[in-house]
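Asks: Start from the sequences, fold in the hints, and give me the full structure.
Chains as they are written, first to last, in the working numbering: chain F, 106 to 432; chain C, 106 to 432; chain W, 106 to 432.
Calculated from the structure, these hints are not laboratory results. A couple of the hints might just be wrong.
You can't tell identical chains apart in this list, so a pair holds if it fits in one copy or across any two.
Claimed, not checked - Here are the computed lysine to aspartate or glutamate pairs in the EDC-like style, where the Cα-Cα straight-line distance is at most 16 Å:
{"id": "1", "residue 1": "K428", "residue 2": "D219"}
{"id": "2", "residue 1": "K234", "residue 2": "D169"}
{"id": "3", "residue 1": "K401", "residue 2": "D128"}
{"id": "4", "residue 1": "K234", "residue 2": "D222"}
{"id": "5", "residue 1": "K258", "residue 2": "D219"}
{"id": "6", "residue 1": "K258", "residue 2": "E202"}
{"id": "7", "residue 1": "K243", "residue 2": "E223"}
{"id": "8", "residue 1": "K386", "residue 2": "D293"}
{"id": "9", "residue 1": "K234", "residue 2": "E255"}
{"id": "10", "residue 1": "K146", "residue 2": "D371"}
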Amino acid sequence: MLHFIRNNFFSIKNNIKSNEIKDIIKDNLINERFFSNFAIKEISSFNIVRNHSVLFLEKEIETDLHNFKTVIIITNNIKIFDNENYQNVLLVKNLKEAFNNIINSIFSHEDILDYHDEFDLVNNSYISKKALIHNTSKIFNNCVIGKGVEIGKNCIIKNNVVIKNSIIKDNVIICDNTSIGTTGFGFDFEKRGSTNLNPQIGIVIIDNNVHIGSSCTIDRGKIDFTYIGKNSMIDNMVHIAHNVQIGNNACIAAQTGISGSVIMGDNVTIGGQVGFAGHIKIGKNVVIAAKSGVTKNISDNSVVAGFPAIDINIWKRNIIKAKKNGH
Amino acid sequence: MLHFIRNNFFSIKNNIKSNEIKDIIKDNLINERFFSNFAIKEISSFNIVRNHSVLFLEKEIETDLHNFKTVIIITNNIKIFDNENYQNVLLVKNLKEAFNNIINSIFSHEDILDYHDEFDLVNNSYISKKALIHNTSKIFNNCVIGKGVEIGKNCIIKNNVVIKNSIIKDNVIICDNTSIGTTGFGFDFEKRGSTNLNPQIGIVIIDNNVHIGSSCTIDRGKIDFTYIGKNSMIDNMVHIAHNVQIGNNACIAAQTGISGSVIMGDNVTIGGQVGFAGHIKIGKNVVIAAKSGVTKNISDNSVVAGFPAIDINIWKRNIIKAKKNGH
Amino acid sequence: MLHFIRNNFFSIKNNIKSNEIKDIIKDNLINERFFSNFAIKEISSFNIVRNHSVLFLEKEIETDLHNFKTVIIITNNIKIFDNENYQNVLLVKNLKEAFNNIINSIFSHEDILDYHDEFDLVNNSYISKKALIHNTSKIFNNCVIGKGVEIGKNCIIKNNVVIKNSIIKDNVIICDNTSIGTTGFGFDFEKRGSTNLNPQIGIVIIDNNVHIGSSCTIDRGKIDFTYIGKNSMIDNMVHIAHNVQIGNNACIAAQTGISGSVIMGDNVTIGGQVGFAGHIKIGKNVVIAAKSGVTKNISDNSVVAGFPAIDINIWKRNIIKAKKNGH
Numbered sequence: 106m107l108h109f110i111r112n113n114f115f116s117i118k119n120n121i122k123s124n125e126i127k128d129i130i131k132d133n134l135i136n137e138r139f140f141s142n143f144a145i146k147e148i149s150s151f152n153i154v155r156n157h158s159v160l161f162l163e164k165e166i167e168t169d170l171h172n173f174k175t176v177i178i179i180t181n182n183i184k185i186f187d188n189e190n191y192q193n194v195l196l197v198k199n200l201k202e203a204f205n206n207i208i209n210s211i212f213s214h215e216d217i218l219d220y221h222d223e224f225d226l227v228n229n230s231y232i233s234k235k236a237l238i239h240n241t242s243k244i245f246n247n248c249v250i251g252k253g254v255e256i257g258k259n260c261i262i263k264n265n266v267v268i269k270n271s272i273i274k275d276n277v278i279i280c281d282n283t284s285i286g287t288t289g290f291g292f293d294f295e296k297r298g299s300t301n302l303n304p305q306i307g308i309v310i311i312d313n314n315v316h317i318g319s320s321c322t323i324d325r326g327k328i329d330f331t332y333i334g335k336n337s338m339i340d341n342m343v344h345i346a347h348n349v350q351i352g353n354n355a356c357i358a359a360q361t362g363i364s365g366s367v368i369m370g371d372n373v374t375i376g377g378q379v380g381f382a383g384h385i386k387i388g389k390n391v392v393i394a395a396k397s398g399v400t401k402n403i404s405d406n407s408v409v410a411g412f413p414a415i416d417i418n419i420w421k422r423n424i425i426k427a428k429k430n431g432h
Numbered sequence: 106m107l108h109f110i111r112n113n114f115f116s117i118k119n120n121i122k123s124n125e126i127k128d129i130i131k132d133n134l135i136n137e138r139f140f141s142n143f144a145i146k147e148i149s150s151f152n153i154v155r156n157h158s159v160l161f162l163e164k165e166i167e168t169d170l171h172n173f174k175t176v177i178i179i180t181n182n183i184k185i186f187d188n189e190n191y192q193n194v195l196l197v198k199n200l201k202e203a204f205n206n207i208i209n210s211i212f213s214h215e216d217i218l219d220y221h222d223e224f225d226l227v228n229n230s231y232i233s234k235k236a237l238i239h240n241t242s243k244i245f246n247n248c249v250i251g252k253g254v255e256i257g258k259n260c261i262i263k264n265n266v267v268i269k270n271s272i273i274k275d276n277v278i279i280c281d282n283t284s285i286g287t288t289g290f291g292f293d294f295e296k297r298g299s300t301n302l303n304p305q306i307g308i309v310i311i312d313n314n315v316h317i318g319s320s321c322t323i324d325r326g327k328i329d330f331t332y333i334g335k336n337s338m339i340d341n342m343v344h345i346a347h348n349v350q351i352g353n354n355a356c357i358a359a360q361t362g363i364s365g366s367v368i369m370g371d372n373v374t375i376g377g378q379v380g381f382a383g384h385i386k387i388g389k390n391v392v393i394a395a396k397s398g399v400t401k402n403i404s405d406n407s408v409v410a411g412f413p414a415i416d417i418n419i420w421k422r423n424i425i426k427a428k429k430n431g432h
Numbered sequence: 106m107l108h109f110i111r112n113n114f115f116s117i118k119n120n121i122k123s124n125e126i127k128d129i130i131k132d133n134l135i136n137e138r139f140f141s142n143f144a145i146k147e148i149s150s151f152n153i154v155r156n157h158s159v160l161f162l163e164k165e166i167e168t169d170l171h172n173f174k175t176v177i178i179i180t181n182n183i184k185i186f187d188n189e190n191y192q193n194v195l196l197v198k199n200l201k202e203a204f205n206n207i208i209n210s211i212f213s214h215e216d217i218l219d220y221h222d223e224f225d226l227v228n229n230s231y232i233s234k235k236a237l238i239h240n241t242s243k244i245f246n247n248c249v250i251g252k253g254v255e256i257g258k259n260c261i262i263k264n265n266v267v268i269k270n271s272i273i274k275d276n277v278i279i280c281d282n283t284s285i286g287t288t289g290f291g292f293d294f295e296k297r298g299s300t301n302l303n304p305q306i307g308i309v310i311i312d313n314n315v316h317i318g319s320s321c322t323i324d325r326g327k328i329d330f331t332y333i334g335k336n337s338m339i340d341n342m343v344h345i346a347h348n349v350q351i352g353n354n355a356c357i358a359a360q361t362g363i364s365g366s367v368i369m370g371d372n373v374t375i376g377g378q379v380g381f382a383g384h385i386k387i388g389k390n391v392v393i394a395a396k397s398g399v400t401k402n403i404s405d406n407s408v409v410a411g412f413p414a415i416d417i418n419i420w421k422r423n424i425i426k427a428k429k430n431g432h
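Replies: This is the structure we're talking about:
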């Protein structure tokens, strides 16, 4: 399992205890049930539950929470609140609002004005004193390597690249003007306006041998991480949103955009200017033709094209049929 | 009405008087009518007429020009020239050429080699000594904040961001590698080649609480301004061309491109990779599905999809019908 | 013919002779035929054959190789190997692998860790001491102008622009955050993974009066060059891949992507968000509507739209027909 220490990237602003959380959410609180009081140091997600954390739940998850004695659950779901297996639960009116308030109370992250860092200027690049860069790697000019960032062996980070909140493994090449690890575009769909954007406190993990082109953007995970698998190669101006997970050996052509929480298997091949709806799964060995719009899950070994993306043979037949009809 | 002082952003190169303009346009001049001579300090537009200015007119506008005694009109339209309500008029063969020559004669702007500025380096960011940045705002690293730029309270300007010719209000967040306020892509459609690109001398105004993602480009207005309304949120790699006006509470997903002079009402929701033709109007509360190509005006409260964008229910029905036809 | 001296951009790492090449490709070698031994200083391409070079051939080319006595041909094609007109030939199993190994053995290029350069900081821009910039040109802030780059007269290079491996002629304007001359996305289609990306050792040539918008990426040629013709104007976020050649007076709107080795005639007009398949030819005076996907050659004076792009009148008729069918 991929792992990271959030505290490396940004510090805890306030050391709070679980019973202080209701002071943060205030009028948003409907009901509470407490068995124990403990220090809060982390945020859990559906996928990774941690002790000494807050866990935000809209619905039940598979993880057996019995093993986590120091988790406080925040939910807007009365069934979860009534589930007696959960020991420490707060029922709230608005879960997104609770998330935003709690995250911003605990952590001092980059989108908050009190964020601080110390750095060196090397080759006119900003290198945080709290970044860990292997001495076989090379950072070109005008880059920003933020706090907590790790860069492995033999990496080449070209010019004007911004890397924050990220772990870059070995032999990775990142081309000019690319931005990795900034805040993504997660928000409360039921409310309008930028004040409903969720703070993002996850990271980006880029595995061995990945090649990333120029002017790409790879957003940090919301709570956990955005991940690019080994040996993957990504062309210019590719946008990869928060929580996306891409398998090994991906080949992604220019100007493709991958929405939040898309998960892809190994060996995907994606043409240029493809778009993906959020929260879908793409199987392994899938080929997606250029300019496709992928709106739902794609099973292993499929070859698709069009918008909405369908089997490429059907797509081609439709085009030939349209031509024959004298169009 | 939104207002700005052009002279803050770039200086007047030559102090000219209205009767000197014909020396600038030379052989382009066909006829002239002069009642008075006055100093020229500004350029007017269809929407904002200013005294002591030049106004370029292809056709009549609604503004009553009687109140503006110190406006000289340049037109290629004989009817406008013959309209005796207009006191100071020059009739020209080629209006775009006149625009280009006059602008470049009067103003010393960024696309001209004699442009000068003085700056400080703070956090390795270039900060013009003539920028006004509120002390509660934070500029990260390797940024450029150009001459005349105003940045309000509690703004966060991340890394490698370029902001020129812009007024940024309060609580605005701008993510890495974004460019705001550069010269847009306005040109003379009847002529070929980059020498027919128009100088752009407007600005960008970004209102309170706007969130702008990474690697976006927002071009300055041609004469007036490009505007992003309050609480709007814009994802990564969004392109917003000159003179675009976006209302409050917009939500615009990644890789969307908005052509010049598009005007949008409040509360628009726009998916990823959407494109807009220039000079169209999008009503309030409009929803535009991802990958749409919007070619004409969209009325309030519409939900559209496809290219050309149509009512989303019709678009969906067409797709289902195509499937049933054995496609 | 456009010409450049590769050695200006990156140095020869190892001075090798033709008979040493088989030591580089090792087990990849099947057979060899040698008439002479000579120093290797260059790489030839299908289009430009040079003496003292290696030439990689999959199939026969038109150039009469008799005039080139100091060219060693590497091929995976038995017919080429058996052609007795060719004096120095190595037959290999995998041509791409041979290309990668030989290039990386001879040249010290930017994607290799031992790359070195010396530079000055001017306006906080990195200017290689081995760049040639005309004193009438202006480089704004936080730029990188790499080794060997030439910039002609009266150019304006705005902020955070990266220019490497490029020759920029006169009166060129390049807007903020654009990347020119980085490594493109050429790879071995038969193998998966970033380790099969080909080293790119060509350059970019941008001819007189070209205007390039913000956040564009123009990749260097693989062996020769990517070329943008005189007076062309390119909007924001346009991606131009390796080996693309664009004629004079092109007009290319925002967010368009042009795949590798596309060749265009003069006076093309291309809307926004257009995509091009690789290795196709676009005639002169062609107009391509916004959002088109161009999949094959387009003849002179055509006007096309849609995906796959077809004659725009047919495309419009299809849309009207779809409407009439009650869709």
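Asks: At most 16 Å between alpha carbons: which applies to K146 and D371, within, between, both or neither?
Replies: neither (34 Å within a copy, 40 Å between copies)
Asks: Treating 16 Å as the Cα threshold, decide for K258 and D219: within, between, both or neither.
Replies: between (32 Å within a copy, 14 Å between copies)
Asks: Pop the pair K234 and D169 into one bin, within, between, both or neither, using alpha-carbon distances up to 16 Å.
Replies: Cα proximity of K234 and D169: none, with 39 Å in one copy and 59 Å across.
Asks: How would you label the pair K243, E223 (within, between, both, or neither) given a Cα cut-off of 16 Å?
Replies: Between copies only: 15 Å across, 20 Å inside.
Asks: Checking an output row: K234 and E255, CA cutoff 16 Å. Within, between, both or neither?
Replies: Answer is within: at 11 Å inside a copy they meet the 16 Å cutoff, but 31 Å across does not.
Asks: Reference check for the pair K258 and E202, CA-CA at most 16 Å: within, between, both, or neither?
Replies: neither (41 Å within a copy, 23 Å between copies)
Asks: I want to check one pair: K401 and D128. Are their C-alpha atoms no more than 16 Å apart within a copy, between two copies, both, or neither?
Replies: Answer is neither: 41 Å inside a copy and 50 Å across each miss the 16 Å cutoff.
Asks: Is it within a copy, between copies, both, or neither that the alpha carbon of K234 lies no farther than 16 Å from that of D222?
Replies: within (8 Å within a copy, 25 Å between copies)
Asks: Is the C-alpha distance from K428 to D219 at most 16 Å within one copy, between copies, in both cases, or in neither?
Replies: So K428 and D219 fail the 16 Å test inside a copy (61 Å) and across (55 Å) alike.
Asks: Reference check for the pair K386 and D293, CA-CA at most 16 Å: within, between, both, or neither?
Replies: neither (22 Å within a copy, 27 Å between copies)
Violation of the numbered hints given earlier is confined to hints 1, 2, 3, 6, 8, 10; the remaining hints are satisfied by the structure.
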